[in-house]
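Just so you know, the sequences run in chain order A and B. Take the first sequence: its letter number 76 is residue 76 in the working numbering, and every next letter is one higher. Take the second sequence: its letter number 136 is residue 1136 in the working numbering, and every next letter is one higher.
Just so you know, the hints here were simulated from the structure itself, not pulled from any lab data. Among the hints, erroneous ones may be present.
Said to hold, decoys possible - Simulated crosslink set (DSSO-like; lysine-lysine; CA at most 27 Å straight-line):
1. 1455/B with 2/A
2. 1807/B with 2/A
3. 1807/B with 1506/B
4. 2/A with 1367/B
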Amino acid sequence: MKKIHIIILVVIAISIAAIMSTVADSSTYATFSVALNNEGDEYHVVGKYVKDKGIEYNPEQNANLCVFYLKDNENKELKVIYNGAKPQDFEMSEQIVVTGKAEKGVFMADKILMKCPSKYNNTSDPSKTTNSSDT
Amino acid sequence: MNIQYIGEHLLPGQFGNLFLVLSFTAALLSCIAYYFASNQNNLENNSWKSIGRTAFYLHGLSVFAVMGILFYIIFNHYFEYQYVWQHSSKSLPIRYMLSCFWEGQEGSFLLWSIWHVILGFILMRKTGNFEAPVMTVFSSVQVFLSSMLLGIYIGDYHLGSNPFILLREHPEYMELPFVKVPEYLTNLDGRGLNPLLQNYWMTIHPPILFLGFASTLVPFAFAMAGLWKKQHNEWVTPALPWTYFGVMILGTGILMGGAWAYESLSFGGFWAWDPVENASLVPWLVMVGGAHVMLIYKSRKQSLFTAYVLVILTFILILYSTFLTRSGILGNTSVHAFTDLGMSGQLLVYLLFYVVIAAFLLIINYKSINVDTLEDNSTSREFWMFIAALVLLISSFQITFTTSIPVINKLFGSNLAPPTKVVEHYNSWQIPFAIIVALLMALTQFLKYKQSDLKITFKKLIVSLSIAIVVTAISIFALELYNGFLIALFFASFLAITTNIDYIFKVLNGEIKKAGASVAHIGFGMILLGALIATGKSRVISQNTSGIDISKLGKEFNNMENIMLAKHDTLQMGEYFLSYKGRRIEGVNHYFDIDYFQRNEKGKYELAFTLSPIVQTNPRMGNSAEPDTKHYLHKDVYTHITYAEMEQHDETNHNHNNDNGYKPFTSATMAIGDTIFGSKSLIVLEKIYKETDSLKYHFGANDIAVGATFKIIDIHNKVTIANPIYLIKGNVANPIDAEVENMGIKLSFKNIHPDNGKIDIDLSEKDTGSQEFIILKAIVFPYINILWLGCVIMIIGTVLAIRERLKKSKFNIA
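Sequences and hints are given; from them, build the entire structure.
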């Protein structure tokens, strides 16, 4: 066996390992009911901020804690506790992706990705959402 | 419906459309003519070739005309055109007009196209025998790019998106009532350029990045020509300087993107592994690998197949990254998320077309190009260069795979989301790759082609090796690098710097002109080193210590990286004391002025610097925060606002409730010289005196007024004097309070104890809860300047390498 063949095998092995690690590290898009059934597992949940219930944020007490309600794509509402500062323009967001896990009936988010009306968008047309949701 | 619209300028648009169609047909003609020209043997008198040339010139001029017209309508605010209305406005400063041009998808395709035209013009004249096949590839790409701007319907299919479409004819706006009014233009203003993009980065970054994209077409075209015309040996030499050129320009574009993100977007760093960043990094990595394998082929006539694959892959990956960023498929994973203009199908066709053709040509030529595989000698330079190229390829494969999760979902109907800890995910793979690449960069130049004597090589390396070991050992303690991978990367990248410096002096005798490769490697080593220290040792200094402990909510739930700072309040943050002075509003920008104080040797607080991070108001697209950074030679202090109330804080509002917003803080009985502590000040009773200024305090001759002088020392050692008065007016005590407004402090002189000379004092402080506040995040990036200096050095190195290649190359290109 020539060295080049060994090298090729190593390359293939690393590539497979890279694919597997991506799959292993990746989280899943899910709804709240899935997250609640699998407490402790990481999920991405896409939903809309429930405006009527407001957002609770008291920076004097804790600048890194906000609590709000999110309605997922199955219209299920859940309390979300987010470990971070209230994002600027939170109320304006059209769609929110929260990353985290369900614990004791609430969703603990450690990341929020907001889709504001066409923010960072090249074609800035508010009538269109940036993502017509692939989920 | 037949409305006579008033004030429209339809002529430029008609010319624009004419030139769009012309650019498309001319590119098509040029492609066909060059194709036939390449099949003719008589190169001197080749009529197909002259048709091809003329058609390409015509195409190029049309593209320039389209650009000129688009610029003309933007410059003249012809809002009847949807593109102008969408991307500019009357109030937009002239210096941002260029940015409007390429803000939209159509404009950026046009920009890309223009660079291809310019590169094509150069290549047409300079490639000799390669002209016909290379230009066939070039003009075929231009056929695709021009079709993206056509905006015509073929049956129901919409081909391309036209930049000259009228607002009232645009499918999304044509039903709006206002476009049915004949004089709709009279008061129409454009929607304006996204304020986020109104900065100089947006003016310089896209042209450079697109030149980088365009430059990958040149080596690709040469490779395709080589495969097609079976000139496997000939294409490498003319293509190599262009590959270096691509490495330099695309590299500059990517690094500029990083600098833009660092300076004016609040991602919290210069690299976030965002899909859009990855999409341009991956082709660059593959192109760097390709350049090295081409070099192997030039020196040793080996690894031709790999050289072909990498050069072709670079261009394919550019198309793929365009597809990723322009098709809207990244929607949920990227902050950039560009919308789909309905062209993803077209982009896919474009991508697959070249994949299929390149794969076909590679397969039919496989036997003839796979003859000289790598020789089996692991002490040769080419062996390790090849390994380095492979590492770069695997590294880009890993990045591409994770970035492509949304594509995988589309293809297989899966529901994968990107890794939750995305940065850690990428780093866990890319740091080991970087270590290997840095080691290879350090050692390979000292090996000889074919075969080297390892003893001699080791002797040459011993000095650099010792220096690197010593510096790494010291740095482990000095920088507190207690992570095996970080230590290894530190050592490897430092070694890459020292050995390459050594190489320039020992082997090249200090001849900088010939040291392009070494200089570029030094630069790249510094980029790795700088990135390692700046991100590996970055400290979020805005840790919140007060408030509820949220870590009890969950184990991993303790990422407290934001602090609240009330106006005039002072808070300790790392080694700094922060004081928020207030906001200034200039146009759409709200500047939040924050003073950073530091304690000097004498224990006094000194103003170190003032930062003014910005929140930009943007009613259409959402407000955005822009950080401000204090640059020191050895570190950066980076600050951005994570939250601020954007409605103007109404001070008067709070004055209605409890005593002008003051809350009782403390009461004390004080003698002269006594001190009481406010929440952020020291208050010393200096003296008690008989107040005689009866006019000022409105008292009569029989009344008694006693004043107390207080020295109030704030955290910055600033002294303010306050004089509350104890006034007895006709036997009724009537104290006159002293208020120090900017500190939110009020002192009331309540009583005098004549027996011991003490006085009673009430101290009230303004309730911070009713005060204006900001939430901010601050990060210290140590030694980030190594990274930026490395960027510059790497670019210089690549320029030197191009110059040297051009001298050696037998074709005189560019």
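Verification of the supplied hints:
Taken as a hint, the residue 1455/B and residue 2/A pair is honoured in the structure, with Cα atoms around 25 Å apart against an allowance of 27 Å. The hinted pair formed by residue 1807/B and residue 2/A fails the criterion: a straight-line CA distance of about 37 Å is larger than 27 Å. Note on residue 1807/B and residue 1506/B: the hinted pairing holds, with a Cα-Cα distance of about 23 Å set against a maximum of 27 Å. At most 27 Å may separate the alpha-carbon atoms for a hinted pair to count; residue 2/A and residue 1367/B meet this at roughly 19 Å.
In summary, the one numbered hint that this structure violates is 2.
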